[in-house]
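Below, each chain spelled out in residue letters.
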Amino acid sequence: MPKVKTNRVKYPDGWELIEPTLRELQAKMREAENDPHDGKRKCETLWPIFKIAHQKSRYIFDLYHRRKEISKELYEFCLDQGYADRNLIAKWKKPGYERLCCLRCIQPRDHNFATTCVCRVPKHLREEKVIECVHCGCGGCASGD
Amino acid sequence: MAHRLLRDLEADGWERSDFPIICESCLGDNPYVRMTKADFDKECKICTRPFTVFRWRPGRDARFKKTEICQTCSKLKNVCQVCLLDLEYGLPVQVRDTALSINSNDAIPKSDVNREYFAEEHDRRARAGIDYESSFGKARANDTILKLQRTTPYYKRNRAHVCSFYIRGECTRGAECPYRHEMPITGELSQQNIKDRYYGVNDPVAMKLLNKAGEMPSLEPPDDESIKTLYVGGLNERVTEQDLRDNFYAHGEIESIRMVPLRACAFVTYTTREGAEKAAEELSNKLVIKGLRLKLMWGRPQAPKPDSEGSDEARQQAAVAHSGMLPRAIISQQQSQIQPQDQNQPMHYFNIPPPPQQERAYYPSMDPQRMGALIPSHEGASNGPSGSGENKSGPEKQQQGQRYAFQGMPPPPGQYHHQLYPPPYGYMPPMPYQQYPPQYHSAMHPPQPPPTNQHYQHSAPSATYPGSAPPGSTAHSGSTPAGSAQPGSRPAGSTPPESGPSGSSTPGSSQQ
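Just so you know, the protein sequences line up as chains A and B, in that order. All residue numbers for the first sequence refer to this note's numbering, where the first residue is -16 and numbers rise by one. All residue numbers for the second sequence refer to this note's numbering, where the first residue is -14 and numbers rise by one.
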């Protein structure tokens, strides 16, 4: 057989510290993926997926950018391996998007009249106070609220 | 986005349009409505042809509405594309057709291919500009239909639908549920069918409306033979005495017309009883002035006159407001104002509703008469609580309380135009306005028993500053307006009125 190059994952230092949390989050995600859809609306079935994805990315973002507890190398490693969403974190670095729930909610192409999702509107400017956005179930991700 | 492969548009008669044909109620109250347009999005509920669907939200508390039937179908019956009610009258098709005796039902086929063919033909003709027979423009307005029609938009039908999970008790969405959490209304009216409604056949709402129309009471002449007055209700500012005169003169000689803008009504008195009866008979359900449907009923004689009627209310309010909300001065002044009762013509009123007695805390601002509304009266007798029309003059002159007496006379509308109306709290009108009051004083000088002057002065400032004037304290009332109003204009304001001729400015006119 010809030599097949395999890609073996080489974990950088500091991985042992964050590994348990990441494994836990991954397990949670798997659970959400396998959840039955009974009693839920069609859009509602996807909400946990978005929520956990947000959680995972948030964890890694916080560790590196806010608490500065991991190295750049480890951070990049996590992003490459898919433990966090690079694009979502990119948005979090921008002013006004610090609490963004998911990338769908700011995509004007996905909405009528080329607007964003209602969860991006600050609570004091909205008419309905309690909402669940249809994409990710977010209740309000404007930076002010 | 997937690209839809469409068939040849022209050949199939699929409908395309630029703007929906909808009624005011369905469009909503928001002038900034945003509407999406989707070509061939749904099929028409009547003719099942694909058509352009428009979707919008008719207001803040409304659900999203979309066009349900195509424009061809809606033009055939002259109805709104969403609610299927007539565009002009807001009535169901069946009601409108029976009222106007239009019968176009046979021409429109209802089944299958016939229907589609007819719709397409019609559409083609309309697009080509060939004039087809439309009975809707030519139908003249019937008085029945004018009575039945909806005059204002009805936004209740734009509310969200009832939450079906809530009915079963299972709504887990809670606060964010966009549907109404109410029990649904059951009954015969809830079983409606869009096709029935469109063709005007077997429509329960229409039946109900027609029954109601059939039972509209005719006006019975009252037993009391001396009543020659008709009550006209539902007036608007646009309806003038001349309009009433024009409408009523044909049936008999009018003795007098008395308008009460406060209650949006008027009383037309004939010299003869026969004239009144004739007018009632002719106009009873057909009175429409300037597009406004008016209600006509017989007047009822009432011993007290309208101005004392107003002060009766005032007296009642005064008794009610005994919690001290009203300064005692006002109450005493109201009671004293009840005295002038010299109306040589008894006025007939019909069922003036009694003032709301259950409100224990009665604020002067809740009484329109005090806030600047006028009660016109022919004889100029004083009436009503003070400070109503004359609040503007109040701040200027705490001393000249007795001026307020003349609000009984309806001031010429032109002059009143200049005054601040209604008077805001504690607002001192600028200097120029203060020129007007002196003219009033000379023009309208009602006879006033001097002792009442005392009451008027005290009450005048308190009436003007109900918010700031401490209740029941007449001594302070003079000083509080000074505190709240601009002090500069007050002394200046008092001088011109004081210089105005006024016979009744006896010792009471000095500042207390």
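Worth flagging that the hints you see were computed from the coordinates, not collected in a lab. Predicted model only: the values in this text are computed from it and were never measured. Do not rely on the hints blindly, as some may be mistaken.
[As the list claims (entries may be wrong)] Here are the simulated lysine-lysine pairs, DSBU-like style, with alpha carbons at most 30 Å apart:
#1 A:Lys77 with A:Lys112
#2 B:Lys263 with B:Lys280
#3 A:Lys25 with A:Lys(-7)
#4 B:Lys132 with B:Lys60
#5 A:Lys34 with A:Lys(-14)
#6 A:Lys25 with B:Lys60
#7 A:Lys23 with B:Lys51
#8 A:Lys112 with B:Lys51
#9 B:Lys141 with A:Lys112
#10 B:Lys95 with B:Lys193
#11 B:Lys60 with B:Lys141
#12 B:Lys280 with B:Lys197
#13 B:Lys180 with B:Lys280
#14 A:Lys25 with B:Lys263
#15 A:Lys25 with B:Lys193
#16 A:Lys25 with B:Lys95
#17 B:Lys280 with A:Lys106
#18 B:Lys27 with B:Lys132
#19 A:Lys106 with B:Lys27
#20 A:Lys74 with A:Lys11
#21 A:Lys11 with A:Lys77
#22 B:Lys22 with B:Lys51
#23 B:Lys141 with B:Lys180
#24 A:Lys23 with A:Lys77
#25 A:Lys112 with B:Lys280
#26 B:Lys27 with A:Lys23
[Stated by the list, open to error] Computed, partial: chain A to chain B, Cβ under 7 Å:
#27 Glu7
#28 Asp93
#29 Phe96
#30 Leu108
#31 Ile114
#32 His118
[Stated by the list, open to error] Listing some non-contacts, in silico: residues in chain B with all C-beta distances to chain A over 10 Å:
#33 Ser86
#34 Tyr139
#35 Ile152
#36 Thr157
#37 Glu161
#38 Gln177
#39 Leu194
#40 Ile239
In this text, a Cβ means the ideal position worked out from N, Cα and C, and glycines have one as well.
Query raised in the report: What are the numbers of the hints that this structure violates, sorted from low to high?
Result: Hints 3, 5, 6, 13, 14, 15, 16, 17, 18, 19, 24, 25, 27, 28, 30, 32, 36 and 37 contradicted; others consistent.
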